[in-house]
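S.K.: So the chains spell out like this:
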Amino acid sequence: NAGVTQTPKFRVLKTGQSMTLLCAQDMNHEYMYWYRQDPGMGLRLIHYSVGEGTTAKGEVPDGYNVSRLKKQNFLLGLESAAPSQTSVYFCASSYVAQHYNEQFFGPGTRLTVL
Amino acid sequence: GENVEQHPSTLSVQEGDSAVIKCTYSDSASNYFPWYKQELGKGPQLIIDIRSNVGEKKDQRIAVTLNKTAKHFSLHITETQPEDSAVYFCAAEDNAGNMLTFGGGTRLMVKP
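Protein chains in written order, with this note's numbering: chain A, 1 to 114; chain B, 1 to 112.
Only chain A is shown next, with the shape it has when bound in the complex (with noise of 0.2 Å):
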């Protein structure tokens, strides 16, 4: 049981370029989030989806894109990288119900654009 991964680790990008991160879990969690975290602003919610076919925006949705096809992968794209993108970006999933709403968490990207 790895819970959630994301690949890569690390990547560092020229401004402009253009880039995929992917979240998996494999714990059949409804519900995705991705997230960049940033020094003394904590978590950031960029999107979210409840479920397969399904992504909503979050605090700060402008220049990323999601894509939720499968219920175990949430895909986080940037298509003009720009310095003011680099984080590190965290995907969660969870399984939600009334009043609870335990969110695990991958191991983090760490992205930096020149």
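Be careful, since some hints might not be right.
[As the list claims (entries may be wrong)] If you want a taste of the chain B side facing chain A, the calculated C-beta under 7 Å gives, among others:
| hint | residue |
| --- | --- |
| 1 | Pro44 |
| 2 | Met99 |
| 3 | Gly105 |
Just so you know, these hints were derived from the structure itself, not from any lab. For each residue, glycine too, the CB sits at the ideal point set by N, CA and C.
On the provided structure of chain A, position chain B as indicated by the hints.
M.R.: This is chain B only, laid out in the frame that chain A set:
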């Protein structure tokens, strides 16, 4: 939307002392408040949570209190140990129950 403020941003204590981290939230409809611990190089992990129908919850050396009227909740760690050193995040669930809004984090350092 929900706004969660967390204080202090850094906290240094001696081993064996207590540590308290405080959070406030803005949406009175929020009903679920988890706390996460993030160790260096890892993703956050849930350590304790509280629902709005209880005022306090305890799990060994950690406890969380909630004051819904004042819209604030706190994490208490007693008898701190060096392995408690980490970044701690509070969070509040949105009204629809779909997502969490996190505070800015507190870096706790426990000095041996």
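S.K.: So, B:Gly105 near chain A? Judge it on the closest CB pair being under 7 Å.
M.R.: For B:Gly105, the interface hint holds, since the closest Cβ of chain A sits about 5 Å away, which is under 7 Å.
S.K.: Does B:Met99 pass the interface check with chain A, least Cβ-Cβ distance below 7 Å?
M.R.: 6 Å, holds
S.K.: Can we keep the B:Pro44 interface hint, with Cβ of chain A closer than 7 Å?
M.R.: 5 Å, holds
In terms of the numbered hints stated before, the structure departs from none.
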